[in-house]
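Q: Protein chains in written order, with the working numbering: chain A, 1 to 611; chain B, 1 to 810.
Think of the hints as simulated: they come from the structure by calculation, not from any bench.
Some hints could be false.
Derived contacts from chain A toward chain B, CB cut-off under 10 Å, selection only [what the hints assert, rightly or not]: (1) 257; (2) 259; (3) 260; (4) 291; (5) 298; (6) 301; (7) 304; (8) 315; (9) 325; (10) 398; (11) 436; (12) 520; (13) 523; (14) 524.
Just so it is clear, CB atoms sit at the ideal spot from N, CA and C, and this is done for glycine as well.
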Amino acid sequence: MGISRFVLLVFTISMLASPALSDLVLSKVDRRIYLTSHIVRISSTLEVENAGPETVSKVLLAFPDLQAQNLAYLMASPHEAKAKVKVSVVSFPIDVVKPEDMPPGVTFYSVSLPQGLTVGASFTFDVLAVFTHALRPMPEQIGQADIQLVLYQDSAYYLSPYVVKVQSLSLKLLDSRIESYTTLESTKVQGSEIKYGPYENLPAFSSSPITVHFENNLPFAIAQELVREIEISHWGNVLVTEHYKLIHGGAQSKGEFSRLEPQARENVQGPSAVRYLVAHLPPRAHSVYYRDAIGNISTSHLRGDSKKTELLIEPRYPMFGGWRTAFTIGYGLPLQDCLYESEGRRFLNITFSSPMIELVIDTLIVKVVLPEGSSDISAAAPFFMKQWQETKISHLDIVGRAVVVLEKTNLVPEHNQYFQVYYKFNRLSMLREPLMLISGIFFFFVACIVYMHADTSISKFSASYLAKQQWEEVRVAIQQVHNIICRCLATHDKLEASLRDLSRTGEVQACKAARKSTDGLLKELSKELKPLMTFLQSSPSAVQVLSKVEELVAKERELLEKLMAKHSTAVEAYEKKSGARDIENRIALQQQKITALRQEVDDLLEFIDEI
Amino acid sequence: MATMPASASDLLKSFKLKTKQQELLIRVSILCLVYILAFITRLFSVLRYESMIHEFDPYFNYRTTLYLTENGFYDFWNWFDYESWYPLGRIVGGTLYPGLMVTAVLIYRILRFLRFAVHIREVCVLTAPFFASNTTLVAYFFGKEIWDSGAGLVAAILIAICPGYISRSVAGSYDNEGVAIFALLFTFYVFVKAVNTGSLAWSLASAFGYFYMVSAWGGYVFIINLIPLYVLVLLITGRYSMRLYVAYNCMYILGMLLAMQIRFVGFQHVQSGEHMAVMGVFFLMQVFYFLDWVKHMLSDTKLFQAFLRITVTCAVAVGGIALGLGMVSGYISPWTGRFYSLLDPTYAKDHIPIIASVSEHQPTAWSSFMFDFHILLFLFPAGLYFCFKRLSDATIFIVMYGLTSMYFAGVMVRLILVATPAVCLISAIAVSATVKNLTVLLRSKNKVVQTGSTKGSGGSKSSSKALLDQSQPFQKNGAIALLFGAFYLLSRYATHCTWVTSEAYSSPSIVLAARGAHGNRVIFDDYREAYFWLRQNTPQDAKVMSWWDYGYQITAMGNRTVIVDNNTWNNTHIATVGRAMSSYEDEAIEIIRSLDVDYVLVVFGGVTGYSSDDINKFLWMVRIGGGVFPVIKEPDYLVNGEYRVDKGAAPKMLNCLMYKLCYYRFGEMLTEYGKPPGYDRARGVEIGNKDVKLEHLEEAFTTSNWIVRIYRVKPPNNRCNIHGQSGTCNPQNLGVCLDLLGLVDVNLGNAPTKPCCSLIEGLVDLEGAVCLCTAVRANVLGIHINLSISLSLLLRNCERKVATEYICGP
C-alpha cells in the first residue's frame, strides 16, 4: 500500500512542482539503487554547483514523505573516486529542515558542507540512503514452494529542489528473474542491472515513476523488537544479552505446509524461508548461548578466528512468510576489549546494534547496566535517539545498578557503529559484593555459635530446667573424673615402663626414683578426685551413674595397689639379685590380675565416656 | 624455659579433640557430604541436557508457579483457568495441591530478598534436588530415632542415591512428589518422635508436617491410614501408653483442622470413606483412655471386666451405626475408584480405563524392583529381622511402614517412591547392625592382642577373652571377609545407582536423545519445536485438540488453549476427544467443530521409531471413548484381536482420523534404506493406507523429525461463491482491487486484474467505479488518497466504459 501511495504522491509532486528557490544547480547526479537484499540502499553521487550570487554552505536533499518514512539511514560524505574504505570517511552533519514555499509531501534534509561553496565553485559528495520495508511482495501470499516476487517503486528522475543538469540511474538486482519493469526512453537492461538515463536539464521536482517487479528469495528477516542488555562487571566480563522478536516480512505463506518436500528435494522448497541467521560477534566472544522462552535451541554453530566469531543460528523451525519467532542470544566479552579509561572516567565502547547480518530492526532498545556505585553517567552515540535511565536490581545489589537505556526505531546494519557510555566508578566498590558474602557467612556462623551457647529455655526455675542444669554439672564432673583416671592410668604406664627399664639395665635406683615421683603424682590426683566424688555423691541427678563411677574409682585403686605390689616385688627381687626366671614367676600371678583389672577399668572408662 | 614446650604441648592437647567430639565431627561432615551428594547426583539431567522442566505434570506446576509469582497468592487461590478444558475451564486454585508452588515461590522470594537474582525456572528445576537433600537429613534423624546414629547415617547415604527416589526427584522433575516424600518422611519421623517422648511439641510438629504433606500431594491418604493402623497395632499388642495418646490425638485433631484449609481436600477428613479409619481410631483411643481411668478408679477386677465388655460392645456398636448411617445418608462418601485400584490391582483395568492407561499406574514388574532398589531388596528382610529382634514402638512403626508401602509398590509402579524411604531405613538398620557386630568383634580382639603384646614376654595369652577367641579360630578372618563383602555390595549399589541415574532417570522426555550412526548424540527437539510454533504462529485464542497427555505441555509451552489435559477430571470430555480421534473424518469434524477447535495435534513416531506415540496409545483412546460413547467399539479397530496398522488392519482403523493425521503424506516418505516408502519404523511395518486424503483439515506444521504434526481445521466452505452475489457492491471484498491500483498504471494490460474485475463484474459501469471509490473511502485497507488516474485505468482495463475523468469524491 505504501508504494501505491508513493506513486500517487510522485504524481502530485510533479503536478505541484514549483521552480527551485535556491541558486544551486546539480550539475551531475549519479544514482545507484541496490536491490540485492530486502534492505534498499541508494547511493548517489552529487555534483553541486553554486550558480547564485552568495556563498552557500547547505545543500538540501529531498525525499518524498512516503519514502522518508522508511528512510533508516542517511549519510553524506566527500566523494572519493574509489572510496570503498568507509572507516576514514568523515560524514557531514545532516538535519531535517522544513524550508518554506516548498511543495507538501516532501521531506528535506540539509547537508552542511565542510566549507561554504563560493560563487561558481562546485563540490562533489556521496549520499548513502538506506530504506527498509521498501520492497513489497507481490503477490502478497505465496505457497510454500513458490518463489517470492517483490515490487520496487521509485522515480526515474532524481527528486531535488534544484535543477539537475545530467543524471543517470542504475538499479542493481539479484542475479535472477526480472518479472517486469517500467520502460521509459533510454532504458537498458544489462544482466541483472537496469539503467535509466542519462537525462539532461530537468527542472526541480521532476519525477517519473518506475516500477520493477523481480524475484527476490532472500529471507526478509525483520526484528520487530530487539532488546540488547549490556552488563558490565569489573571483574573482567561484559555480558551481552539480546532478545529478538523476529518476523519474516516477505510474502505471506498460504496453503498447506509440507515437511516431506523440503526433506525430499532440498533445494526446491521454500526458497524464501528464513532457515538460519548469521551473527558476526566480536573476536574473543565466549560463553555464547542461544535459547528462547521454553529452553535451549540446540541448532547453532560457532566458529571463531582472531578477527571475528561467527555464530550461525537456526530458528526452531524454518520461517515462512509471516511466521514469527522469538529467541535470546547471549555472549560474554573480555572487559579490556570494550572498557577504557579517559580523564578519570571510564567508558564503554561497544557496537550499538545487532550483530546479525542483513537484519532490519524496527525497534531497538539498548540497556547498558553499569556496576553498582557508578556515578556521573552519560552516553554518546553517533546518531539521535531517545535516552533515559533506570535501575536494575541484580545479584547482591543493595540500591540497584544504574541502567542507561537508549531507544531507536528503524535500524539497518549501517547503524552498527560504536557508541560510548561514560561513567565514574571507584575500584574499591568492586570489593563490596565479596565482602558482603564473606560477612554474611561469618554472621551465619556467629549466629550458630550464639545459638549453641545461648540458653533459650523460657523458665529458669522449672524442675526440668534445673534437672537439666544439674545433669550438665554432673556430666562435667564425670568428665573430670574420667580425665583424672586417665592420668592415673598414664602414671601406671610410667611405672610399668620403669620396670621394663629395670629388667633391661638393672638400675634399681632409677626405678625407685620413678616410683617416688609417681607416688607423688598419684597422691595429687587422688586429692583432686576427692571433691569431685563428694559432689557426685551429693548430687541427686548422678544417682544412676554414681555406682559405676565409684566402681571405677575402686577398681582403679585396686589396680594401683596390685601394680605397686608388683613393682615392689620386682624391685626387691632385683635388689636380691634373683634370676630373671625367678622374677618372672613371681610376677606372673600379679600380672594376670593386673591385666584383668586393667580390662575392667578400660570397659568402665568406655561406659562413662558414653554418658 | 623448660616449661615452654610443656605448655605448648598442653595447648595442642586442648585443641586435640576428644573421641566424642571426633565422632561428632565425622558424623557431621559425613552428613554434609551426603547432603551435597544427594543434590549433585540429581544434576545429571542438567549436565546432559539443560536446566529445564521435565515430562508432563511438572509443566503444569511450572505454569501455576509462574502465575503465582506474577499475580500473588490470592489471585492464584481464586484462579479460573480458561486455557484448559475448553469450553469448561478449570478452577485451578480449588483443584490442586498448592504446597509445591508455594514452596518454590517462597524459596524464590527468599533468594530474591537476599539479592540473588535467580529466575523462577531455576528455582523450580532445583526444588526437587533440594528437598531430596533435606530428606537425607530427615532419614538420618529417623534412623537415629528408631535404631542408632550409625543406622541413621547409613539410611541417609542409602536414600541419597536410591534410584527409586531419584526417579522422581532429579533436577527438573518439578512434581509434587519432590517435596511430598520429604514431607511424608518428616511427618513420620516427628510422629515417631512424639510417640517416643510423649511430647506435645513433637506432636504439634507432626501435625504441621502432616499439613504440609496434605498441601503438597494426594499421597497424604497413605499417612492418614497408616498412622491409625499403627496405633491400632500398638493398642492390640498392649503398648498403649500416655505418650501414644498425646501424640496421636494432638496430631489427628490439629492435622485434620489444618488439612481442611486446603481447598482441594476440604471436608474430606470428616466426609470421605478413605479418612474414616483415622477417626475410628481416634474414638477408640478415647475409649481406651476412659477404660484406663475406670480401671484406675475401680479396684475390683471382676467388675472392671464386665464394664470393659459392655463399653467395648457399646463403642463398636455406636461406631458401626454411625458409619452405616453416614454411608446410607450419603454424608460419608464411599471409597473412590483410585482407592479401590490401590487395594485391588485389577480394579482399574476393568472399571477406570483412564487410570489403567497410564504406564506408571501398572503393577510393578520384578525387574523394576531390582532396578530401583538393587541390594536393598535383599537387605530389607534382614532389616526386618533386626527390627523384630529389638521390638519397640519405633521399630514397629518402621516395620509397618515398610510392609504396607511394599505392598502398594507392588500394585503401582509409581508407588515404589513411597516405599523407598522405608526400604532405605530398614536396609540401613540391617547394614548398620551387621557392620557394628562385625567391627565389635574385630575391635575387641584387637584390644586383647594389643594388651597382650604390651606385656611383652609376659605371656598373658590366657585371659578369658583370648580363650574365647581361640575357641573360634577364624572369627577374625571371617569378620574381615564379611566386612569386605558388605562394602563390596554397598559399592556395587553406589555404582548401580549412579548408572541408573545417569542412564535412565535423567532424561527430560521432552527432548529425546539418540545415538547417531557415527556414535554421536542426536537430539530430537521436536516437541518444543511444535509448541513454540504454536506459541508464535497461531492466533492467541486458538484451541488445540490433542490427546490429554500433551495438554499441560501445550498450555505451558505453547501458551494455547487445550480441550483436555493431564488433570483428567472430566472423563466425558476426554472420551469426546477419544471419539473424535477414532471416528471417520466426516464424523470427527462435527465433534471438532462443536468443540470450536482450530488445530489438531498428534504425536507420531513412525519416522524416528519413537514408540510412545499416538498410534500406540490409540487403543486407549478407543477404550476411553467407547466407555462413554458406545458407538466406538474396540473390536472394530482390531483384526482377530490384533492391533495392526499395515495392509491387514481393520478398515475402520485405516480410515479413522488418528490414522489419517498420523500417516498423512507418510506414504511418500522413505524412512529407511531398503524399505518401501511409508515404512513405519516405530512398528516395523509398511503402512496400509498410503493414499490419505484430508477434506476438512490441512497440514499446518510438522516438526523436523515428524514427531509432532499439527493440522489446521479448515473453515466451512462458503455456501455459494462470490459470483452468486452479482450486482451488489461489497467494498469489503474489493481489497484485492486496491492492492492492484498501484500496478495498473505502470504495467498497462499486464497486471493480473482478473480477480478484481471478476469482483465488480455484475455491476453497472459507473456503479463499479462508485463501488471502488466507496471501498477507498471506507478505508478498507487503511488508505485514503486521490485515485483519479489509476482508478480510470483499472476500470478501463476491466473493459468498463467510464468517463476518463472520473474522480472519486473527497
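Q: Hint by hint, say whether it matches the structure.
A: Do the hints match the structure? See the list:
no. : hint : verdict
1   : 257  : holds (5 Å)
2   : 259  : holds (4 Å)
3   : 260  : holds (5 Å)
4   : 291  : holds (8 Å)
5   : 298  : holds (5 Å)
6   : 301  : violated (14 Å)
7   : 304  : violated (22 Å)
8   : 315  : holds (9 Å)
9   : 325  : holds (5 Å)
10  : 398  : holds (7 Å)
11  : 436  : holds (8 Å)
12  : 520  : violated (17 Å)
13  : 523  : violated (21 Å)
14  : 524  : violated (16 Å)
Checked against the numbered hints listed earlier, the structure breaks hints 6, 7, 12, 13 and 14; every other hint is satisfied.
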